[in-house]
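Keeping the supplied structure of chain D fixed, place chain S upon it in accordance with the hints.
2 protein chains.
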Amino acid sequence: MKKKKNESSVTEKRKKVLAGLENFGMKLYDQMEEGVFPWIKMPSRSIENIFYSQEVRQYILGDKTVRRTSRNIRHIRPLTRLVWAARFVHELTQHRKTSTLRDVYYSAQAYDMTFKDQPESNNIITDLETVVGLSREDFNVFPEERSAIFGDLTIEYTVPGYEGRQLNLTSHPDGMMIGPALTSANFVKTGADMVIAIEKGGLFTRFIEEAVHKKFNALLVLTAGQAPRATRHFIHRLNKELDLPVHIFTDGDPWGMHIAMVIISGSANAAHLRELTTPDATWSGMWATDIVDYKLPSDPLTNIDIKRLHELQRDPRYKGKLWQREVKKFLKIKKKAEQEAFSRYGLTYIVDEYLPAKLEETS
Amino acid sequence: MKKKKNESSVTEKRKKVLAGLENFGMKLYDQMEEGVFPWIKMPSRSIENIFYSQEVRQYILGDKTVRRTSRNIRHIRPLTRLVWAARFVHELTQHRKTSTLRDVYYSAQAYDMTFKDQPESNNIITDLETVVGLSREDFNVFPEERSAIFGDLTIEYTVPGYEGRQLNLTSHPDGMMIGPALTSANFVKTGADMVIAIEKGGLFTRFIEEAVHKKFNALLVLTAGQAPRATRHFIHRLNKELDLPVHIFTDGDPWGMHIAMVIISGSANAAHLRELTTPDATWSGMWATDIVDYKLPSDPLTNIDIKRLHELQRDPRYKGKLWQREVKKFLKIKKKAEQEAFSRYGLTYIVDEYLPAKLEETS
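Going line by line, the protein sequences match chains D and S.
All residue numbers for the first sequence refer to the numbering used here, where the first residue is 1010 and numbers rise by one.
All residue numbers for the second sequence refer to the numbering used here, where the first residue is 1010 and numbers rise by one.
Next up, chain D with everything else stripped away, as it sits in the complex:
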């Protein structure tokens, strides 16, 4: 059994969040004390300031900054909202309550702080992420969607009412939801040697039934389609804190490919964050070449699939050899296949044959 690296990483994170928010507030107070109109400077999130970094292997923000000052009447509205958002999430974090982007939107109304629409309030939260340099999940603003995990990892909760309680994530064989409680838990110990992330619920259940977690000493993560940010962050933690390699299995089509890519290299929207990516994770299948090699039942690519593949071909995240090769192969064979297509060879073929072969190939 490995020992977790950092006993209290989560409590420290909470302190860091509160300190970051308070620091932001104090700056404004200081400015006012000095008789200056409060203002802030933050990295610009406009497209011309987003670059793909080969070094950190994800999108990052460039050097351009934007200034918002209460001296400018057009800035007062967004600046005030940003301050309100900081106050709101400070309260959430302090009371250890969680919330959603949707709640933030409606909660503002209690303060006569009506946002024009949901995108506007989402945008303010992203601004706040940029200013404080932390992600909204750190502020206890969680996504609606839930994914799941199963395997030999013992965690210790930090949420109120469960502090200090430990649970092994094999306790419930349908999988444990990855929500605020799990995301904020500390890792105690694990017997696992790797993480296997899976796109589809049916396959996640199959892997548990076929004891993939035992046979391959793996933690199984269900991404349930595009992985929610909290899940991407959780995979990042499994990789960094527990040193576990991460293998991602998706459908064999441009959309599955991109599910893997977003876990690995993140999205342009989150260029201001570093905790959502796992650059060392590997996309282990299903590749276009697998469709050919395993003679899988397949469907023809649609025009939308083909258009998407051409986009991916130009995407800086797809520069690597594997990605370019597979994009080309998809375009050549003009076919796609789902993970369940392996059932063509019997329900356990994917576990008995395909999985070990791919893990060997991509390790």
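Watch out, some of these pointers could steer you wrong.
Because identical chains cannot be distinguished in the list, a pair is counted as satisfied if it fits within a single copy or across any two copies.
[Unchecked claim] Capping the alpha-carbon separation at 30 Å, the derived lysine-lysine pairs in DSS-like fashion look like this:
| hint | residue 1 | residue 2 |
| --- | --- | --- |
| 1 | K1330 | K1367 |
| 2 | K1022 | K1073 |
| 3 | K1025 | K1073 |
| 4 | K1125 | K1316 |
| 5 | K1344 | K1125 |
| 6 | K1344 | K1328 |
| 7 | K1106 | K1223 |
| 8 | K1125 | K1341 |
| 9 | K1344 | K1367 |
| 10 | K1304 | K1223 |
Hints were generated in silico from the structure; no laboratory data involved.
Just chain S, lined up with the frame of chain D:
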């Protein structure tokens, strides 16, 4: 603490499934022994044979039947497929493996039993449900989607590797996934007095954080939008086996309303089944009248919403007073609201004020 009603309801169900499938097979063998071309008769699932029954308060099939005989060359294909499907799910059930509709589609190809498309193979599984009188979840064919539960219910697993193991469903404060293992578990004991089903993940988490399960002695079920069939069946079991009243909370719009209705009265597609409905469950909100009474932030109804409301108005499941009143009210105020709209009054208002008021009103 109440005691569960039926110690081994689930094991008995499995025996019943296997017996039902074997019985179907034996009939065909007997026919052949007698020198008769194998044939079957089953209730027709065509629209003209689906009726809403006030008595059982759900859609049911009428008396029309269809015959499929191997004497008729056009019947051989569907009949053979039905037999194959029965064999396939018999094997699943026997080996206690689970599967999805998608797996069934692909698995057929291993037997050169290619289905034209997914709807065709889904349809054969529904035929099999009709013939055997059990639902596909009983045959271990589960949906992809997963919902969740949280609260004081101790269950005992029956799935391989976990037989006899008990777990209390407050063990993980993000909620326990409702998958094959939970669905097939026996109920051991509960301290709960009611079930509260919730449409949205964010609110489910809020309810757990605000200890609704303790304050109202409730089991909390996340439907995650339209409840998967396995979840509807699970709610049915909580209601029947544990005598727990069920309250359903959804968004205040025609779609939320219908999420509640499908849990209560089921769908026309499942008119041949009885275990997916909970006719005594109540839709406790969010009603159109709540939008007015609580002065909630709202959005205008779209044309699609309005069209849907007119459909619901004519739907036989919507004959009840509450439903008719609310459909009319929606059409009158031309507004809809989401559950999160209560955040307008602070994050805990929904738990402190709205929930107790509605539970009292609809109990």
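To see whether the hints hold, each was checked on the structure:
1. K1330 / K1367: within (17 Å within a copy, 59 Å between copies)
2. K1022 / K1073: within (28 Å within a copy, 65 Å between copies)
3. K1025 / K1073: within (25 Å within a copy, 69 Å between copies)
4. K1125 / K1316: Classified as between: cross-chain Cα gap 27 Å, same-chain 33 Å, threshold 30 Å.
5. K1344 / K1125: between (43 Å within a copy, 17 Å between copies)
6. K1344 / K1328: within (22 Å within a copy, 49 Å between copies)
7. K1106 / K1223: between (36 Å within a copy, 17 Å between copies)
8. K1125 / K1341: Between copies only: 25 Å across, 46 Å inside.
9. K1344 / K1367: Within. Shortest intra-copy distance 20 Å satisfies the 30 Å Cα cut-off; inter-copy 53 Å does not.
10. K1304 / K1223: Only inside one copy: K1304 and K1223 sit 28 Å apart there, 54 Å across copies, limit 30 Å.
In summary, the structure agrees with every hint in the numbered list given earlier.
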